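A.B. asks: Once you have looked at the hints, place chain B on chain A.
Number of protein chains: 2
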Amino acid sequence: MRFQSLKGFRDFYPEDMAARRIVFDKILDTVKRYGFREVDAPSVESLDLFRIKSGDEILGQTFNFKDKGDRDITLIPELTPTVARMVVDREKTLRRPIKWYSMPKLWRYEEPQSGRLREFYQLNVDIFGVSGPEADSEVIASGIDIMLSLGLEGEFVFKISDRRLMQGVLEALNVQNAPAIFSAIDKRGKVSHDEFKKMLYDAGMNDIQMGHLISILDTKGPLAEALPKLKPLLARNPLVMEGYENLEKILDLMKMYRMEYYCELDPSIIRGLAYYTGTVFECFDTKGELRAIFGGGRYDKIIGLFGGADMCAVGFGMGDAVLEILMRRANVWPHEKIMTDYYVLTTSPDYREVGIFLAQSLREKDCVVETDMLGRNFSNQMKYANSIGAKKVLILGEKEMAGGKVSIKDMTTGEQETKEIITFLESL
Amino acid sequence: MRFQSLKGFRDFYPEDMAARRIVFDKILDTVKRYGFREVDAPSVESLDLFRIKSGDEILGQTFNFKDKGDRDITLIPELTPTVARMVVDREKTLRRPIKWYSMPKLWRYEEPQSGRLREFYQLNVDIFGVSGPEADSEVIASGIDIMLSLGLEGEFVFKISDRRLMQGVLEALNVQNAPAIFSAIDKRGKVSHDEFKKMLYDAGMNDIQMGHLISILDTKGPLAEALPKLKPLLARNPLVMEGYENLEKILDLMKMYRMEYYCELDPSIIRGLAYYTGTVFECFDTKGELRAIFGGGRYDKIIGLFGGADMCAVGFGMGDAVLEILMRRANVWPHEKIMTDYYVLTTSPDYREVGIFLAQSLREKDCVVETDMLGRNFSNQMKYANSIGAKKVLILGEKEMAGGKVSIKDMTTGEQETKEIITFLESL
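One line per chain: the protein sequences are A and B, in this order. Be aware that the first sequence starts at 1, since it is given in our numbering, and climbs by one per residue. Be aware that the second sequence starts at 1, since it is given in our numbering, and climbs by one per residue.
Please note: incorrect hints may appear among the correct ones.
All copies of an identical chain are treated as equivalent in the list; a pair is satisfied when it fits inside any one copy or across any two copies.
Subject to a maximum C-alpha distance of 20 Å in a straight line, what follows is the list of computed DMTMM-like cross-link-like pairs (lysine to aspartate or glutamate) [as the list claims (entries may be wrong)]:
{"no.": "1", "residue 1": "K105", "residue 2": "E38"}
{"no.": "2", "residue 1": "K105", "residue 2": "E78"}
{"no.": "3", "residue 1": "K249", "residue 2": "D350"}
{"no.": "4", "residue 1": "K26", "residue 2": "E38"}
{"no.": "5", "residue 1": "K92", "residue 2": "D16"}
{"no.": "6", "residue 1": "K399", "residue 2": "D16"}
{"no.": "7", "residue 1": "K26", "residue 2": "D40"}
{"no.": "8", "residue 1": "K68", "residue 2": "D48"}
{"no.": "9", "residue 1": "K365", "residue 2": "D310"}
{"no.": "10", "residue 1": "K26", "residue 2": "D341"}
{"no.": "11", "residue 1": "K32", "residue 2": "D350"}
{"no.": "12", "residue 1": "K53", "residue 2": "E91"}
{"no.": "13", "residue 1": "K7", "residue 2": "D40"}
These are calculated hints, taken from the structure and not from any lab test. Note that the structure is predicted; figures quoted are calculated from it, not measured.
The following block holds chain A by itself, in its conformation from the complex:
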């Protein structure tokens, strides 16, 4: 009987893993430079923790179950509730701003498809305790910097809006069925123009309202150009004004980061209505072929929701699956081979003692070293050394051993030299 991994779950063999490790390290190095600090948390939590934020609808999409103590628990489908729990638990002592990151595995029971898996990694970046747009822009800047550090210049765009903007627009239009309209807006990219209009019509909009809404939705493009164009189209109610002024400040800040080039206004970005309270953003590939690479925004109610005193919050999540698809398409996913600093080749078991001595001496100097464990002949050892990407092969053959020497073969140039073992070790 042979076993397989479950559908939507991935195995990573060494070459895959080496590439992935490079990508993950670049991501984490970038967020670290912004002063975000790593946290780590359980992969299993009480199911109630997720009901609080997302209601019962989340239950259909989680790996949840009863444990042997009859507790309702779940594999975590997102990190935010856990992070909120951790903040609330130490709200009295944590210095502000709280700038945290983590890159946990998450699990969602959804139908696996391109860019959507049942188990994936997700970078989470959050700032708690800052009400101003300085935090929103810092979070967006770190996200843009991640994409740039991965070589994705020109391949991505951050689509930004403010949740209050569209809510205020609907308020000004005196629309009754806002949720249905938000739902229609969310589906706009996937349906024809006529279908979209029918959805709005079904939600109770008339032609004038529709025309106004669509003109606003279509005012998108580079943040610096689109924002001024949007202004005359907007009503002047408080929600609209708060949202618009926030976006103006974010534009100013993104200019300070020299990153406004990567930011577009897109009033159709809504995200979870019950959750976000201000800025919302998503990162897409410029060709518009893929799902969102990541998304986030401001959610100032979260800490109160989890039993803490009110605390502002802004952050994002970035999964690894769509990112990998984009990086492969852009040809910047690393093609890693296994690398080894030294392979120690011994032509007789009698030379093993010296071989191990050399290997251990090199390992003490932080070198990656392998030795023969299979008693292979010279040619098969050379083949193996090649297969593990050995940069140098140390040869301990009869000739070398007779004189207390070692031959060093450079596998890149093919050059070979012979040295006293002691001289070789001193040269390291």
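C.D. replies: Then chain B, alone, in the frame of chain A:
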């Protein structure tokens, strides 16, 4: 309502995590130097995968459940079955030896207690495809090297035996109820001498058999000294001889690694009988106060068990919980504080643009930088800079800004100097 983490699960806040990251990096850097290559695998697998190796008894100790597709699945309680599945899946193409490591989270539904948690990290190190003791000793050497790299010299000992040795001894003693005797041997450290003898008696041993067995069990101590003492006590049946000769070879190899000092013979080390086929070892604290820090051995049947062609295997697992207890007791667990290269202090929102420019320039040079996001006054910004362990504070005040300058305060020495901003940037 406030939430808590589940019993036996841990939250890691930034300071904890920074310490943990240092420890994990040291562990992984060490195994990498031995040429082990990282793999990663699902945290959830078909429950059948674990029944194969451990039978139904594993079910009581796992977080297992039915998913929404009615599959019997489980959070992985150990990595070996998954690794075996991955090896079998590519057995035709993987080059030998297969040297893999991984440090996944594992989950076990057991009563949490000191050193035993429901969720923990475990380093797994395996070599597949080598039948000789060269692989056993390479694996043990990498384990010893991990302990040394963590500053635990003098705090640990590797207790080594060969599963065939004790099995052969019981065979020679013509004992009928070997499982009961192995179980008694396993409990010996936790019961009195009389209780131990009663257990052996209940298992059907007579006084002569018992005396012989106990004299063998008591022949423990430094491998190089205890092995020759053991020899005259042993019967000469094939199992005993295979086990003994294997241990002699391992001693010779550990001498080549200059690590025999850390190895003790302990014939009472048995581990899972159904699973191990040769060498078995466990690492303990020298004071003998804690559970095993890690354990492993040779399990040549595993790949066949999972549907592959026969392939030799040797490896170990090391959990993080007991290791942390030992490191804290030995006072070598890192006391990490949050560190920051630069804090950029701005005394007015008008200076934010320059502040962000400096921050981004420094981040481009791989520095960890924070800026003010809360509009704090000078003194509160200095306090914050201190609290995040800032090495240097860049001050952009009225005086500095008037002259295109920046003051650089060294937080270690307290010294402060003022430079043209452009000169400062060029000096990086």
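A.B. asks: Does each hint hold? Answer for all of them.
C.D. replies: Hints versus structure:
no.	hint	in the structure
1	K105 with E38	both (15 Å within a copy, 17 Å between copies)
2	K105 with E78	both (9 Å within a copy, 17 Å between copies)
3	K249 with D350	between (73 Å within a copy, 13 Å between copies)
4	K26 with E38	both (15 Å within a copy, 17 Å between copies)
5	K92 with D16	between (43 Å within a copy, 18 Å between copies)
6	K399 with D16	neither (40 Å within a copy, 54 Å between copies)
7	K26 with D40	both (19 Å within a copy, 18 Å between copies)
8	K68 with D48	both (17 Å within a copy, 19 Å between copies)
9	K365 with D310	neither (52 Å within a copy, 37 Å between copies)
10	K26 with D341	between (23 Å within a copy, 18 Å between copies)
11	K32 with D350	neither (50 Å within a copy, 26 Å between copies)
12	K53 with E91	within (19 Å within a copy, 46 Å between copies)
13	K7 with D40	between (26 Å within a copy, 16 Å between copies)
Hints 6, 9 and 11 from the list above are not met by this structure, while the remaining hints are.
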